[in-house]
Amino acid sequence: MSVSASTLRGGPPPSHPPTPEDILATANALRWEIGADFHEQLMEDIYANAARIASRAVTRPTDKPRFDLERSIDRIVTHRIWGFPIMVLLFMLVFWLTIEGANYPSEFLSSVLLGTVYPWLKAVSGQIGVPWWLDGLLIDGMYLATAWVVSVMLPPMAIFFPLFTLLEDLGYLPRLAFNLDNIFKRSGAHGRQALSMMMGFGCNAAGVISTRIIDSPRERLIAIITNNFALCNGRWPTQILIASIFIGALAPAYLAGLVSALAVVGIALLGVLLTFLVSAFLSRTWLRGEVSTFSLELPPYRPPRILQTLYTSLIDRTIFVLWRAVVFAAPAGAVIWLIANVHLGGVTIAEHIIHFLDPVGVLIGLNGVILLAYVVAIPANEIVIPTVLMLTVLVLGVNNVGAGAGVMFELDSAAATKELLVAGGWTLLTAVNLMLFSLIHNPCSTTIFTIYKETGSRKWTAVAALLPLGLGFAVTFFVAQVWRLLAGA
Amino acid sequence: MKQELIHQPAASACASCPAHNLANLQKLGVDMANWDYVVALAGNPNTGKSTVFNAITGLRQHTGNWPGKTVGRAEGGFVYADRRYKIVDLPGTYSLLATSLDEEIARDFILFGQPDVTVVVVDATRLERNLNLALQVLEITDRVVICLNLMDEARRHGLIVDDRRLARDLGVPVVPTVARSREGLPELLQAIDDVATGRTVCKPYRLRNESPAIKHALKILIPQIEQVFPGLPNARWVALRLLDGDERIIEAVRTGELGDLTRGAEAEAEQDLVLRLEAAS
Numbered sequence: 001m002s003v004s005a006s007t008l009r010g011g012p013p014p015s016h017p018p019t020p021e022d023i024l025a026t027a028n029a030l031r032w033e034i035g036a037d038f039h040e041q042l043m044e045d046i047y048a049n050a051a052r053i054a055s056r057a058v059t060r061p062t063d064k065p066r067f068d069l070e071r072s073i074d075r076i077v078t079h080r081i082w083g084f085p086i087m088v089l090l091f092m093l094v095f096w097l098t099i100e101g102a103n104y105p106s107e108f109l110s111s112v113l114l115g116t117v118y119p120w121l122k123a124v125s126g127q128i129g130v131p132w133w134l135d136g137l138l139i140d141g142m143y144l145a146t147a148w149v150v151s152v153m154l155p156p157m158a159i160f161f162p163l164f165t166l167l168e169d170l171g172y173l174p175r176l177a178f179n180l181d182n183i184f185k186r187s188g189a190h191g192r193q194a195l196s197m198m199m200g201f202g203c204n205a206a207g208v209i210s211t212r213i214i215d216s217p218r219e220r221l222i223a224i225i226t227n228n229f230a231l232c233n234g235r236w237p238t239q240i241l242i243a244s245i246f247i248g249a250l251a252p253a254y255l256a257g258l259v260s261a262l263a264v265v266g267i268a269l270l271g272v273l274l275t276f277l278v279s280a281f282l283s284r285t286w287l288r289g290e291v292s293t294f295s296l297e298l299p300p301y302r303p304p305r306i307l308q309t310l311y312t313s314l315i316d317r318t319i320f321v322l323w324r325a326v327v328f329a330a331p332a333g334a335v336i337w338l339i340a341n342v343h344l345g346g347v348t349i350a351e352h353i354i355h356f357l358d359p360v361g362v363l364i365g366l367n368g369v370i371l372l373a374y375v376v377a378i379p380a381n382e383i384v385i386p387t388v389l390m391l392t393v394l395v396l397g398v399n400n401v402g403a404g405a406g407v408m409f410e411l412d413s414a415a416a417t418k419e420l421l422v423a424g425g426w427t428l429l430t431a432v433n434l435m436l437f438s439l440i441h442n443p444c445s446t447t448i449f450t451i452y453k454e455t456g457s458r459k460w461t462a463v464a465a466l467l468p469l470g471l472g473f474a475v476t477f478f479v480a481q482v483w484r485l486l487a488g489a
Numbered sequence: 490m491k492q493e494l495i496h497q498p499a500a501s502a503c504a505s506c507p508a509h510n511l512a513n514l515q516k517l518g519v520d521m522a523n524w525d526y527v528v529a530l531a532g533n534p535n536t537g538k539s540t541v542f543n544a545i546t547g548l549r550q551h552t553g554n555w556p557g558k559t560v561g562r563a564e565g566g567f568v569y570a571d572r573r574y575k576i577v578d579l580p581g582t583y584s585l586l587a588t589s590l591d592e593e594i595a596r597d598f599i600l601f602g603q604p605d606v607t608v609v610v611v612d613a614t615r616l617e618r619n620l621n622l623a624l625q626v627l628e629i630t631d632r633v634v635i636c637l638n639l640m641d642e643a644r645r646h647g648l649i650v651d652d653r654r655l656a657r658d659l660g661v662p663v664v665p666t667v668a669r670s671r672e673g674l675p676e677l678l679q680a681i682d683d684v685a686t687g688r689t690v691c692k693p694y695r696l697r698n699e700s701p702a703i704k705h706a707l708k709i710l711i712p713q714i715e716q717v718f719p720g721l722p723n724a725r726w727v728a729l730r731l732l733d734g735d736e737r738i739i740e741a742v743r744t745g746e747l748g749d750l751t752r753g754a755e756a757e758a759e760q761d762l763v764l765r766l767e768a769a770s
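Heads up: the protein sequence lines correspond to chains X and Z, in order. Read in order, the letters of the first sequence are residues 1 to 489 in my numbering. Read in order, the letters of the second sequence are residues 490 to 770 in my numbering.
Any given hint could be a false lead.
[Unchecked claim] Pairs of lysine to aspartate or glutamate residues, derived as EDC-like cross-links and limited to a Cα-Cα distance of at most 20 angstroms, are as follows:
| # | chain 1 | residue 1 | chain 2 | residue 2 |
| --- | --- | --- | --- | --- |
| 1 | Z | Lys704 | X | Glu44 |
| 2 | Z | Lys692 | Z | Asp682 |
| 3 | Z | Lys704 | X | Glu33 |
| 4 | X | Lys453 | X | Asp215 |
| 5 | Z | Lys704 | X | Asp215 |
| 6 | Z | Lys708 | X | Asp215 |
| 7 | Z | Lys692 | Z | Asp658 |
| 8 | Z | Lys704 | X | Asp37 |
[Said to hold, decoys possible] Negatives, chain Z to chain X, calculated, CB over 10 angstroms:
| # | residue |
| --- | --- |
| 9 | Asn523 |
| 10 | Gly547 |
| 11 | Ala563 |
| 12 | Gly565 |
| 13 | Phe567 |
| 14 | Tyr569 |
| 15 | Ala570 |
| 16 | Arg573 |
| 17 | Glu672 |
| 18 | Thr686 |
Hints were generated in silico from the structure; no laboratory data involved. Virtual Cβ for every residue (Gly too), placed ideally from N, Cα, C.
Construct the complete structure from the given sequences, taking the supplied hints into account.
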């Protein structure tokens with residue numbers, strides 16, 4: 001430290017010019033004098049000042065409105081008993097609108113992309129004499145996979161995401177967190193985990209990042225590990241599609257949409273239940289500790305800005321997820337085409353793998369094709385269904401539906417998709433277990449990488465990836481055994 | 490309202506010149522290559538910070554009616570009156586006592602980043618609770634503009650918020666806004682520009698009614714701090730943090746990081762003055 005001002009002016013030199021350590025020593029000594037409630041005193045001082053300044057600036061209306069609409073709504077949606085049924089009904093409505101509304105645009109898109117553009121591309125490539133393998137890789141592999149993803153996923157996303165964003169914009173999600181807070185506390189987790197779980201319903205990687213709002217490392221780890229049980233954007237379309245073609249079909253036509261919506265909501269609720277169970281398990285075993293308290297502010301309801309919501313949900317979510325799917329679908333399409341067309345000992349690579357995985361798959365009520373699809377789809381859950389369909393065609397070797405081995409095909413309706421899957425050996429059990437496995441399996445590679453970045457620990461990253469996978473195998477195995485027992489009896 | 494706050498710049502150019510602390514800003518990850526001023530955006534969760542951010546920058550950071558939406562830091566820029574501003578959206582917090590990661594991010598940025606202006610977005614319908622944070626920000630920096638947001642909701646609830654009174658009490662510009670519909674944003678930008686360029690000099694309200702024991706402790710500690718770190722703008726706040734045993738601040742005192750704040754600012758201020766003189770001659 002330089003010479004102090006008083007020395008320069010010829011004043012009495014300080015006995016010892018203070019150093020940073022002196023300051024800290026003084027502060028330490030003084031800390032004993034000021035009393036233990038110093039922190040509270042500071043806070044009270046701030047609060048008192050804030051209250052005084054605010055009261056001078058704000059004039060409240062003299063006559064209180066007789067009826068406070070917001071508080072009345074809050075009393076209903078955060079009601080101890082009615083809160084949950086209202087939540088289920090609201091989400092049912094959202095999925096019902098999505099499932100019912102997505103049919104027509106989906107058919108239209110697939111008839112354009114697969115029915116018109118695809119034959120045209122094939123014709124053009126035939127005319128200019130593109131070699132068969134390049135034509136197969138680019139058009140039958142990459143183009144078809146991409147086109148499939150767009151036609152299957154775009155319509156439900158374009159309906160679901162704006163509806164979900166509207167709920168968010170209205171201020172409903174914090175009420176949901178409020179309803180769930182008590183259960184989180186009983187699971188030994190932080191109440192703010194409700195918020196990170198809500199983020200996870202959009203994207204698990206974002207959900208994992210949002211756990212930064214949780215201060216305690218123990219509770220944060222619980223929130224990170226269980227975030228995968230919040231059904232993410234990439235998995236909603238799988239659930240919606242499988243529910244509408246297998247579960248909805250069980251009911252009479254006028255109830256089909258409602259029953260499918262119920263199935264999807266059921267899966268999402270199961271995810272919430274698993275979040276609680278796994279949190280409770282972790283907080284009683286490896287991550288034992290105290291539960292922190294926190295305050296959750298219920299924001300005022302705000303009239304949603306419809307156009308703005310449409311815009312941001314289309315740009316931020318729909319286009320984002322679609323882009324991600326396309327980016328992963330194109331190379332995956334190429335990989336699938338390759339493993340379906342490269343032969344080893346007279347059998348394609350894909351068939352080798354599928355035959356190897358089949359016993360395990362059948363044991364847990366799935367099949368080798370689905371397991372292989374989940375391996376191919378580690379980068380993005382979005383492409384599971386397209387991959388399953390491509391591989392099914394390959395194994396069946398059917399040319400009547402598709403255009404040949406490893407080639408995606410024109411499926412202009414949900415019924416045709418179902419026909420193909422049934423031909424591939426699918427039963428109702430396969431569909432139910434696929435929905436379960438889609439909820440309970442390892443997170444996508446982006447999320448795994450985010451978990452590693454956030455925790456900085458290989459061990460916890462491995463736990464976060466393998467725990468849900470193991471649980472998924474256990475649950476589907478159990479369901480398959482019980483199902484077969486009952487069906488056999 | 491502004492009339493009351495505008496004071497002619499002091500004789501010394503240092504009092505008014507824009508002096509951001511380049512070294513520390515870069516350490517905090519802010520690229521200042523193409524910017525003249527840096528503005529920090531602070532506020533309680535769910536007061537519309539991100540909406541203000543989007544409205545000013547034209548970016549479309551996702552906003553939601555959702556406390557805790559912005560966890561990290563978002564950055565953007567805008568140009569006002571030919572001056573290039575970098576704006577940093579800090580995580581929403583209720584306080585700056587650094588008890589959680591988001592509070593620490595916000596606190597460190599306001600303290601060590603030394604933004605030219607810190608805009609505190611407050612919810613006009615919940616003024617009392619929002620002022621807790623605003624008062625804490627005013628303890629750290631005096632270059633503050635209060636953005637009194639959600640005025641439409643306040644009106645809907647029949648609340649009358651006297652922004653002039655608030656500005657007088659807090660000693661900094663207060664601009665009523667409705668960020669969702671861009672109401673009051675031109676005035677907000679003008680106020681930011683005025684504070685950044687030193688046309689408005691703030692006289693921020695500081696907490697003063699402490700107990701005798703604390704008063705005594707501060708009387709001993711503050712002179713020591715000022716002696717070691719001359720020119721520190723917030724010696725009282727530092728003293729309180731040290732008494733509270735704040736690890737991050739203790740560390741900043743020990744390593745001399747706190748001194749860098751004053752020295753960096755002074756050095757740059759001088760450099761800026763030289764440049765201006767050269768340009769004038």
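ask   = Of the hints given before, which are not true for this structure?
value = Violated hints (numbers, rising): 5 and 6; every other hint is consistent with the structure.
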